[in-house]
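Chains as they are written, first to last, in this note's numbering: chain W, 1 to 977; chain E, 1001 to 1203.
Heads up, a few of these hints could be off.
[Claimed, not checked] Pairs of lysine to aspartate or glutamate, DMTMM-like flavour, derived with a Cα cap of 25 Å: (1) 224(W) to 1061(E); (2) 727(W) to 679(W); (3) 224(W) to 1171(E).
Source of the hints: derived by calculation from the structure; they are not laboratory data.
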Amino acid sequence: MALFVVFQTTFFLTLLSLRTYQSEVLAERLPLTPVSLKVSTNSIHQSLHLQWTVHNLPYHQELKMVFQIQISRIETSNVVWVGNYSTTVKWNQVLHWSWESELPLECATHFVRMKSVMDDASFPEPNFWSNWSSWEEVSVQDSLGRGILFVFPKDKLVEEGSNVTICYVSRNIQNNVSCYLEGKQIHGEQLDPHVTAFNLNSVPFIRNRGTNIYCEASQGNVSKGIEGIVLFVSKVLEEPKDFSCETQDFKTLHCTWDPGTDTALGWSKQPSQSYTLFESFSGEKKLCTHKNWCNWQITQDSQETYNFTLIAENYLRKRSVNILFNLTHRVYLMNPFSVNFENVNATNAIMTWKVHSMRNNFTYLCQIELHGEGKMMQYDVSVKVNGEYFLSELEPATEYMARVRCADASHFWKWSEWSGQNFTTLEAAPSEAPDVWRSVNSEPGNHTVTLFWKPLSKLHANGKILFYNVVVENLDKPSRSELRSIPAPANSTKLILDRCSYQICVTANNSVGASPASIIVISVDPENKEVEEERIAGTDGGFSLSWKPQPGDIIGYVVDWCDHPQDVLQWKNVGPNTTSTVISTDAFRPGVRYDFRIYGLSTKRIACLLEKKTGYSQELAPSDNPHVLVDMLTSHSFTLSWKDYSTESQPGFIQGYHVYLKSKARQCHPRFQKAVLSDGSECCKYKIDNPEEKALIVDNLKPESSYEFFVTPFTSAGEGPNATFTKVTTPDEHSSMLIHILLPMVFCVLLIMIVCYLKSQWIKETCYPDIPDPYKSSILSLIKFKENPHLTIMNVSDCIPDAIEVVSKPEGTKIQILGTRKSLTETELTKPNYLYLLPTEKNHSGPGPCICFENFTYNQAASDSGFCGHVPVSPKAPPSMLGLMTSPENVLKALEKNYMNSLGEVPAGETSLNYVSQLASPMSGDKDSLPTNPVEPPHCSEYKMQMAVPLRLALPRPTENSSLSSITLLDPGEHYR
Amino acid sequence: MSCPLAHLCLLTLLLPPLSSAAPISLAESISQAYSLALYMQKNTSMLLQTYLQYQGSPFSDPGFSAPELQLSSLPPATAFFKTWRTLDDGERLSLAQGAFLALTQHLQLVRDDQSDLNPGSPILLAQLGTARLRAQGLLGNMAAIMTALGLPMPPEEDTLGLVTFGASAFERKCLGYVVTREYGHWTDRAVRDLALLKAKYPA
Chain W
1 MALFVVFQTT
11 FFLTLLSLRT
21 YQSEVLAERL
31 PLTPVSLKVS
41 TNSIHQSLHL
51 QWTVHNLPYH
61 QELKMVFQIQ
71 ISRIETSNVV
81 WVGNYSTTVK
91 WNQVLHWSWE
101 SELPLECATH
111 FVRMKSVMDD
121 ASFPEPNFWS
131 NWSSWEEVSV
141 QDSLGRGILF
151 VFPKDKLVEE
161 GSNVTICYVS
171 RNIQNNVSCY
181 LEGKQIHGEQ
191 LDPHVTAFNL
201 NSVPFIRNRG
211 TNIYCEASQG
221 NVSKGIEGIV
231 LFVSKVLEEP
241 KDFSCETQDF
251 KTLHCTWDPG
261 TDTALGWSKQ
271 PSQSYTLFES
281 FSGEKKLCTH
291 KNWCNWQITQ
301 DSQETYNFTL
311 IAENYLRKRS
321 VNILFNLTHR
331 VYLMNPFSVN
341 FENVNATNAI
351 MTWKVHSMRN
361 NFTYLCQIEL
371 HGEGKMMQYD
381 VSVKVNGEYF
391 LSELEPATEY
401 MARVRCADAS
411 HFWKWSEWSG
421 QNFTTLEAAP
431 SEAPDVWRSV
441 NSEPGNHTVT
451 LFWKPLSKLH
461 ANGKILFYNV
471 VVENLDKPSR
481 SELRSIPAPA
491 NSTKLILDRC
501 SYQICVTANN
511 SVGASPASII
521 VISVDPENKE
531 VEEERIAGTD
541 GGFSLSWKPQ
551 PGDIIGYVVD
561 WCDHPQDVLQ
571 WKNVGPNTTS
581 TVISTDAFRP
591 GVRYDFRIYG
601 LSTKRIACLL
611 EKKTGYSQEL
621 APSDNPHVLV
631 DMLTSHSFTL
641 SWKDYSTESQ
651 PGFIQGYHVY
661 LKSKARQCHP
671 RFQKAVLSDG
681 SECCKYKIDN
691 PEEKALIVDN
701 LKPESSYEFF
711 VTPFTSAGEG
721 PNATFTKVTT
731 PDEHSSMLIH
741 ILLPMVFCVL
751 LIMIVCYLKS
761 QWIKETCYPD
771 IPDPYKSSIL
781 SLIKFKENPH
791 LTIMNVSDCI
801 PDAIEVVSKP
811 EGTKIQILGT
821 RKSLTETELT
831 KPNYLYLLPT
841 EKNHSGPGPC
851 ICFENFTYNQ
861 AASDSGFCGH
871 VPVSPKAPPS
881 MLGLMTSPEN
891 VLKALEKNYM
901 NSLGEVPAGE
911 TSLNYVSQLA
921 SPMSGDKDSL
931 PTNPVEPPHC
941 SEYKMQMAVP
951 LRLALPRPTE
961 NSSLSSITLL
971 DPGEHYR
Chain E
1001 MSCPLAHLCL
1011 LTLLLPPLSS
1021 AAPISLAESI
1031 SQAYSLALYM
1041 QKNTSMLLQT
1051 YLQYQGSPFS
1061 DPGFSAPELQ
1071 LSSLPPATAF
1081 FKTWRTLDDG
1091 ERLSLAQGAF
1101 LALTQHLQLV
1111 RDDQSDLNPG
1121 SPILLAQLGT
1131 ARLRAQGLLG
1141 NMAAIMTALG
1151 LPMPPEEDTL
1161 GLVTFGASAF
1171 ERKCLGYVVT
1181 REYGHWTDRA
1191 VRDLALLKAK
1201 YPA
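Isolated chain W (complex conformation):
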């Protein structure tokens, strides 16, 4: 074993001595070893900068050499990069070489060494590598200065998606360091106790102000310091897109491109990318000031071909695009000018224009677009400088827009901009007859024909329609046809024609001429045919109508109807072979009845009414309920009737009526069915299926019961509106009988009363004739004639037919002595019976006062007139007498108030005392004679009754006091007895 070890050591020593020998030999042969190697750092670019020289180079000789360079990190054995650098070396030349480190140089010590080899043809013998130079150590950490934490690389500019290594140097290993990228912690690899590196793969672009990466040193929870870097991540520079150049005038080339993303960064780290235009044939270059276009001045007329390179460049990248073209193939013409229209008429026009001349003998291709009536036509034409095109097949009276653009005909590159102009074609006569229809109102002796026509469409009008000509020609009698001209906006006219056949021609006219005529013939009896009306059902889309084909020559059919609510006649023409059509228009409204009439048009242009149809586009429920009358109300039945209800003016066809009846009885009547109302209540329902049956007898009712009814019509869409029930109460069974008896009785009584009234005079005379008046008797005149003053009418006292009894009324008496203007005694009377003792207001020649007796038959009103009841009393009358008169004992008689009124009929002033005989009726008409024919009584007191005495004559004698006591009045009751 020991022998083996000794042998092995000997072998290695021998080998080592052999190698040393070989090196010395090589050095002697090739002494071109790199020397004076110096390494410096550039912390901005994180690069090592090497410079060295090569000794023993031949003077003034250039040799090609290869240098192998080794770079180690942290320690020499940790080689991170090996590479060769080939260059030609001159005598005494200082060589430079740089190496960019991925890891920031501040975070690790780097070691560099190199060796060289001759690689030159002038030294054909085999070459050998020189010896390695000694390791050069590069350490930046020492120059970091004070501080506990450092993060590198600072402000590095990278492209989006690239890989970046960052690192920190922590001076104190006690500190715990955490690093964050935009707030998110990142984890790295510890290079040594102080240094940790982080490999960031494919860094994203976050913002152009850079990405913050920071590390925080802390001990426990105490922050010791914060340090960071800003990583400037640039967007990747894009290649310019759509690069092209063109010329409008052979003086300037206008080049454009799409620049793509702007890669500018904040903090002046990177400006926007620059664009440079390079033309390889001329070798000229131009820095473009705009980011998406550049103008290139054409200086040489002879240069036809151009090879342009557009170079986009920023700090990190350069991109370029290339185009090669012939100048004449990139002509973008300026838009044509002087666009005009010549010889414009109704259907054609000539369009002219000019093109900006580029070079001689240039041919241009021009494109014309003609827009009008919603259509577009396109024409291509080849022109020189002046363009011209004949536009044909135009519509009359139409505005057109024509525009033109041109391009180089020999090498089409691009159309120019459009140049356009509007023009309007002239009018032409209308091309089609107006669509005419009529409505006829037949009246005795004539027809009123209303003609309607539809305005011509723009296509057929060929201009502005100014008026319509209506020519009416009598077909039965040869006469001059009548022409009417109706100004344009009108679409109807009214004609009154007698009972002859007429042909009516209607033409539409514009400024150029008239349209073909539309002919209608009105026959003698236009619409005398009675045609049954048929009901049809419409739909939302309209009405589907069909009719029976008409035998004979029919040139077409016309369906007409009225639009509601405008009441405008509408019509539709249908061909002769068609017997059905669908009338659809938005004007149809639900709930409105439309009447359609179908006419056949004969070859003679006479319209013949064929069929009538009526219907609703949509039927609705009735809008109102009938007003129901209750008739023939008996104890067991009543009749409901609604004769006034119109079934025609409803929003649907009335199919019948529902009669609802409510009663207290649970059972419905035989013809009624049970029904439930919308409010949930139950009632009985009777259905009438005939819309014209507008009455219903409700029978089998109970007397003295209350019933409620409600009548509503119904259509296919439902019933009429809900309404309140009307109440009916049946009478009891006897009440009718009572009425039968009572009414004749009342009638009889009334009749009797009327008869009585009419025969009142007769009854009066029969039942209570007037009492005869003694003064009016013939006896009296006879007495006067004999002039016997002592003769008088027979006094009752003389006869003493009876004793007069003075009755003192227990109710009391009212007495007034007006001579003293003072009420002496007042006694209330329950009945207004009065006796007044009145002094006279004049000086009477006659003696003493007189007493007024009031007759029951006379009216009270007389007392108010100031004379009745006044007793004429002389001022000299002794008070004793007055006292006597006013004493209660002297109140002779109370009078019924009613009977005093008649006194008023005696003229005032004529008499101060009016006494009218109780036998004389105030109605007799004799009272007027009383004052004029006075009869003087011998004594006032003696006059008991039956005499009216003038006051001045009837003065009693004062001496005959005793007679006063005899002044009496009969009780009315007694009086009439």
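Could you slot chain E onto chain W? The hints should help.
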């Protein structure tokens, strides 16, 4: 910020150091300076928040605070109370003036940096400009007070001469943070300084 009254106040406060022809009383100077400082105090936190909002994480993170970050070119505003209270008026004013002098220069630097980093943020740039203008106004006011008190004016130093221009973007963001933060702290301190003076020299 856009209060017309504030601008008027700022203008009047800027006037005294510029025109020696119209001397105003000490109490008035103190009162004007105090009013300006109070007004500045209301907007300092808004400036800091706006600044942080534009810098990205971690600055824009909610509740971001890095008290350990300091600037050697900017004196810290924090001080022990006893130390601060025992300073005489001249020393106190002198310290504040030195600080605001440094702040005006730093605010200009921060504004320049931000116009480069955040050119599309006119709000931040306007706020930085306004803060600098106010700091200058307060400087003028304090100079007037010191003149009125007969105190020597501190020499103007170019504090920014010490700042390295090769700072990285992150360092410049940090610098802006420290400057806007310290601007608030120094404004708070100036309010206290001037309140003491106001109490001492009542109107």
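Index of numbered hints that the structure contradicts, given in increasing order: none
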